[in-house]
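Participant: Chain by chain, the residues:
Protein chains: 4
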Amino acid sequence: MPLKPLNIGLVGYGFMGRTHSNAYKRVNDFFDLEYRPVLKAVCGRTEAGAKAFAEKWQYESYETDWRKLIDRKDIDAIDICTPNDTHAPIAIAAAEAGKMVLCEKPLARTLKEAAPMVDAIEKAGVPNTVWYNYRRVPAVTLAKQLIDEGRLGRIYHYRANFLQDWTISADLPQGGAGLWRLDAASAGSGVTGDLLAHCIDTALWLNGSIKNVCATTETFVKERTHTGTGKVEPVKIDDACTFFCRFENGSLGLFESTRYARGHKALYTFEINGEKASIKWDLHDLHRLEYFDYGDPAILRGWKSIHVTDGDHPYMKNWWVPGLQIGYEHTFVHQVADFLQGLSTGKPTSPTFREALETQAVCDAVLDSAEQHKWEDVIQV
Amino acid sequence: MPLKPLNIGLVGYGFMGRTHSNAYKRVNDFFDLEYRPVLKAVCGRTEAGAKAFAEKWQYESYETDWRKLIDRKDIDAIDICTPNDTHAPIAIAAAEAGKMVLCEKPLARTLKEAAPMVDAIEKAGVPNTVWYNYRRVPAVTLAKQLIDEGRLGRIYHYRANFLQDWTISADLPQGGAGLWRLDAASAGSGVTGDLLAHCIDTALWLNGSIKNVCATTETFVKERTHTGTGKVEPVKIDDACTFFCRFENGSLGLFESTRYARGHKALYTFEINGEKASIKWDLHDLHRLEYFDYGDPAILRGWKSIHVTDGDHPYMKNWWVPGLQIGYEHTFVHQVADFLQGLSTGKPTSPTFREALETQAVCDAVLDSAEQHKWEDVIQV
Amino acid sequence: MPLKPLNIGLVGYGFMGRTHSNAYKRVNDFFDLEYRPVLKAVCGRTEAGAKAFAEKWQYESYETDWRKLIDRKDIDAIDICTPNDTHAPIAIAAAEAGKMVLCEKPLARTLKEAAPMVDAIEKAGVPNTVWYNYRRVPAVTLAKQLIDEGRLGRIYHYRANFLQDWTISADLPQGGAGLWRLDAASAGSGVTGDLLAHCIDTALWLNGSIKNVCATTETFVKERTHTGTGKVEPVKIDDACTFFCRFENGSLGLFESTRYARGHKALYTFEINGEKASIKWDLHDLHRLEYFDYGDPAILRGWKSIHVTDGDHPYMKNWWVPGLQIGYEHTFVHQVADFLQGLSTGKPTSPTFREALETQAVCDAVLDSAEQHKWEDVIQV
Amino acid sequence: MPLKPLNIGLVGYGFMGRTHSNAYKRVNDFFDLEYRPVLKAVCGRTEAGAKAFAEKWQYESYETDWRKLIDRKDIDAIDICTPNDTHAPIAIAAAEAGKMVLCEKPLARTLKEAAPMVDAIEKAGVPNTVWYNYRRVPAVTLAKQLIDEGRLGRIYHYRANFLQDWTISADLPQGGAGLWRLDAASAGSGVTGDLLAHCIDTALWLNGSIKNVCATTETFVKERTHTGTGKVEPVKIDDACTFFCRFENGSLGLFESTRYARGHKALYTFEINGEKASIKWDLHDLHRLEYFDYGDPAILRGWKSIHVTDGDHPYMKNWWVPGLQIGYEHTFVHQVADFLQGLSTGKPTSPTFREALETQAVCDAVLDSAEQHKWEDVIQV
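Chains as they are written, first to last, in the working numbering: chain D, 1 to 381; chain R, 382 to 762; chain L, 763 to 1143; chain X, 1144 to 1524.
Watch out, some of these pointers could steer you wrong.
[What the hints assert, rightly or not] Derived list of chain X stretches under chain R, where covered just means 3 residues or more per stretch with a C-beta under 8 Å from a C-beta of chain R:
#1 1291 to 1305
#2 1358 to 1368
#3 1376 to 1387
#4 1396 to 1404
#5 1415 to 1429
#6 1465 to 1478
[Said to hold, decoys possible] Just some of the chain L residues that point at chain R, by a computed CB distance under 7 Å:
#7 E796
#8 Y797
#9 V800
#10 L801
#11 R834
#12 A1060
#13 G1064
#14 S1067
[Claimed, not checked] Now the in silico label distances, taken between C-beta atoms and shown as ranges:
#15 X/N1392 <-> R/A566: 27 to 33 Å
#16 D/E371 <-> L/E1010: 21 to 27 Å
#17 X/S1352 <-> R/E629: 33 to 39 Å
Simulated from the structure, these hints should not be mistaken for lab results.
Beta carbons: idealized from backbone N, C-alpha and C, even for Gly.
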């Protein structure tokens, strides 16, 4: 029985364009599904770039105007991989055209910008998801499973870090390919929207809603050449951001992100301390989950390193055999697999636009708190 | 400019059939090459199985007799993923038909069986390679680079282990899907050909030839039901094998493999101790290389954990960004990339059949030594 | 040439009384010094306890009133190991009597209580030190050395944690032997004075002064039986405390402590991120220092685990041979060694009372900030 | 009630003289015992050295002839810390004089030399022990406890390494202070008697007797200046030794030791693989035990790192509080504590001379096997 096609129109062909394209191409080799993604068209502002990407990744066609892409009848789903400032118009237009929408994180630059996106999506009633891909690292999904089984008991602490070191050099410009993340106009914010958004998404999923936050930010390099104007201009993004918070469940949260932590490339880590057990994970060894179980015999208590590569671990029966690790890109394959599965079952693919809006609300509260030097309540969305 | 097609005929669709198929399908998304593999046909003994695999992995056709596959004009390269006892006839026939040959490791069950394969390949003059995939783990390739740069100095010790625990249960049968590795008739040997062959291949590559060996083997579970006969029969493979050896460069080697090391799934590790520096690696965290440099300032000496995910690390510029790890399957993609590159440049893809024959000679010496309870010289091939 | 005696009068014989007594008894076996501590007298409130401790540890005599101990002519130095609320009166009386004073940390319950202690000490001009023992873990002292050598460059981030899990049970009372730490009247505060004080002391030493702080605290178990009254009473200490801060050198600080982090017994960790290098350390493996050097060749960059057991590492030539680790108690031996050395050279033994006052000022600012829900400047002392 | 004195006469004041002296001086501070060791006399060949050591460590007197020491009526126990070639005469004379004997490992240079020592000790019926101190690392003692409780089930593999790198320089002489270990006349053998003896002792204790062995040795630096003759002479010790063996319980053993493993200072490690569980330990982090339990829920299986610092871990209730590690020297304190306890209870202190003889037999078989290039049976003693 042939698989049903799902025609994909990809907007943006940078780093995320590659991870998503790979996911679409790999998913049916490893997951049994009713649908098969078809790489119908990629859209980018420069024709040469769009064409080259289409050839490289075997897209059937390319466009240079996302509005045209959305107008095409042969496209079922719009996947948004562009800088943050363009997410809202593309997503809203796509939803209004009745397309499914898969949007890179964060949803938008601000809560205000993101809210209409959710409205449009929900009004259109189209399948949708936001690419907070780390939920689908098997070790992270396993953490969620252990929490849902009640193994941790009452939670006291949730802490997460996302540490990088790639912007320490003052010679790096703001704006341009790969560097729009340093340009506040494109990105909205610095580490808060780029990195802490991941940490917050995972936290909301694993530990529930956040009531209020108290934050501080820092910009270590105050001026950088802007690639748009060619001039040295003030840097308006946050190079580092730290906040503590209260979760609805009474636990204390602590979050930190920076791009100035020499020695860490992409060290997203989290740790959850419960009454009965604790969990730790980090992205640099993403195939492991650390677990401490107070229920073990006293003389045998310790942190256990679970090599999450067995067939009974989340998603892993679809890959290789025990002991053989998968990597970063597989998280996107898993999200596509769940999305396609959702088309068959009608089950939404978390995080939906609605769910991702809560992360946006926390990010807004964090940035407000840092600016106001005081605690801020998170707006309920 | 469209890529040149390379038409693949795959024989065998088990675990290795999947890793190879994945490699063919992914390689052009990540590597800039002149050739593109085309999944022309898969061949398996049962029609239903072959057909299902062809559909799943998008092979254009399927066969149930490998001789027919080799006869097909539209096939450029034969890839052998069948149990060890069938490698020789298929490889020889393929070479004689002028096909390129890519053969799963080990080359054959014995040196005697393997030698004519090399003769046939060299007589035909066809491009060829043997899938000792761990050479192309980026961290292992980096180890090779460091050694070739002379960073270790004189080598004193080379040690390697391959520890698993999946055959401890006495209820496991010998023979059958995935379990032909326990059947001496199919596999030739136990851990020696299956696991130590990997360790030996890496060692020969990194540390040069082995002069002589002294080994011991053990079979912990003496009898298992044979799936072919349905009867309980003696187990003739080695469950565990240990040997020490002398390398040509004067260093001492120590190798161990077992499938009875509770707690280890696929723990291939090696360590090399040189006068100036030492190196460690293990497959359970394959994206890391441990390095000790005696040239560091004395108070700062220590083992360094290199997260092999940067653009200047072997193969890594083709994947994601620093900090984001790849996994097991990528080693096969790298081997295909190098093979296709070799078609353009004329450079052989190591290990060739000729090179893999040396591993076979060591395996033979190891098994002979264990049987004879004495040191054995390795036959020079 | 016989060593000069230094007659010690110890007040308090709990956990810290043991660590100090051990240090006095061991120091001359391992360090070449002019002075030898003599265990002259131990003082405790209950005669039976004081007498038993004196016998066990070979003190020559015991007292039950610390005023009498201070009055004794045969005592050179008073060592204070009692609960925090008694540090001030004992230290002030001892200083006024012209005795040297060694005081357990924290100096006192509050900055207000501690300030007169410093006045008294400085007026008396007596040798003094506060037992922030972790400065003298060889790995921590090595960190100080590396920083002083300029190896880290500009500092961006300083973060420290002190995580424990021993008070999770609600059945634990407040007050009583070993549990005075849960009684605000005795301890002054909870984790802030007990654990964060250590983190702050190290931070001030390694990274300089702190300008201002923003904190939050939590008390998870709101009521516990008080051993003094026998009644269930509100718990007034902080079970957990988190704060971020600005250092004078422009770096961002982040500190967290809790006694509710299941799985951590005494996990004091710190990490410092500099432009050129980063450092990590943790108390659970106190003999190791993690070091990342951006100056390494790019392909060889990584975190290095330095096993701080060589003769050229701080304090280590006095102990065993490379590879053989020392433990927790040795930090106290080192502090005694430095104190005795200081008697010969006239060099103060850090941290002095004056230096420890700054930690007190930070603790006060932290607790004030947590209560006021706003940033607080640290009072300059 | 005053403690009973046990008058110690120490022969040899090198590295081991210090570890033992420290143990005698500390044991009563931490363990409740009936006896207290008294440092009566130290004996060394040079008067200046003996006298200086006596002063440093507070021995009451010193001798320069061990025969005189043995003759002294005020000595209860002779502790032998001299090079291996002198163990036998001293131990035999001491036993014949009715003294208790505590002897550094290995018992002697050869089995032949050691056997009469056991005879003399047993004929005299005196309390005795051999300082295989690693049995009393709390983590190692815990391993013994877990095995005795049957937690591992049938054992398949036992492997141990002792890796060092301190003799790589060819400029190092043989003979002289600390370097008698390189002189075959003094030491008997190289790494076999010095390092593998430790590994073998632990193995016999944890895993039972060894039936037969197959070994190889290597001497990387063939000639070194001899400090006795002042001439360059052949090096007759083994720089490296590797052997595999069969234990009586059917498990396979693998042992390796070298002083040419760059990057390892004193890396004694062992791992035991059982049907139900596995254990790992290493001396560089001696306060940890790694444990894998196949009985854990499948999705939660992993290697657990037990921080062996709790009150219910072996020996640890005598030290500090959970999380605070002890070090190398404490193993000697434990052995003294057990020896003194044994004086009260009449229980022998393992390993006794008799038990240490078995290690000697294995060492002999190993060296014979290496020389003969064949399997050797271990002589039953």
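Participant: Each hint should be assessed against the structure and marked as holding or not.
Facilitator: Verification of the hints:
Counting residues of the segment 1291 to 1305 of chain X whose CB falls under 8 Å from any CB of chain R gives 3; the rule of at least 3 is met. By the rule of at least three residues with a Cβ nearer than 8 Å to a Cβ of chain R, the coverage given for the segment 1358 to 1368 of chain X holds, with 3 such residues. For the segment 1376 to 1387 of chain X, the proposed coverage by chain R is satisfied: 3 residues have a C-beta within less than 8 Å of a C-beta in that chain, meeting the threshold of three. Only when three residues or more bring their CB closer than 8 Å to a CB of chain R does the claim for the segment 1396 to 1404 of chain X stand; here the count is 5, and the claim holds.
Given as covered by chain R, the segment 1415 to 1429 of chain X passes the check, having 6 residues with a CB less than 8 Å from a CB of that chain where 3 are the minimum. Counting residues of the segment 1465 to 1478 of chain X whose CB lies closer than 8 Å to any CB of chain R gives 0, so the stated coverage by that chain is violated, three being the minimum. The interface hint given for L/E796 is violated, since its Cβ lies 28 Å from the closest Cβ of chain R, which is over the 7 Å cut-off. Interface hint at L/Y797: violated, since its Cβ lies 29 Å from the closest Cβ of chain R, which is beyond the 7 Å cut-off.
Because the beta carbon of L/V800 sits about 35 Å from the nearest beta carbon in chain R, more than 7 Å, this interface hint is broken. Proximity of L/L801 to chain R is violated relative to the hint, the smallest CB-CB distance being about 35 Å (cut-off 7 Å). At about 44 Å, the closest approach between the beta carbon of L/R834 and any beta carbon in chain R exceeds 7 Å, and the interface hint on this residue is violated. With 7 Å as the threshold, the beta carbon of L/A1060 comes within range of chain R, its nearest partner Cβ sitting at about 6 Å, so the hint holds.
This hint holds: L/G1064 has a C-beta 4 Å from the nearest C-beta of chain R, less than the 7 Å allowed. The criterion of a C-beta within 7 Å of any C-beta in chain R is met by L/S1067, whose closest approach is roughly 5 Å, and the hint holds. Between X/N1392 and R/A566 the CB atoms are about 31 Å apart, so this pair conforms to the stated range of 27 to 33 Å. Range check, D/E371 to L/E1010: Cβ separation about 23 Å, and the 21 to 27 Å hint holds.
Restraint check, X/S1352 to R/E629: a C-beta distance of roughly 38 Å satisfies the suggested window 33 to 39 Å.
In summary, the structure is inconsistent with hints 6, 7, 8, 9, 10 and 11 from the numbered list given earlier, while agreeing with the others.
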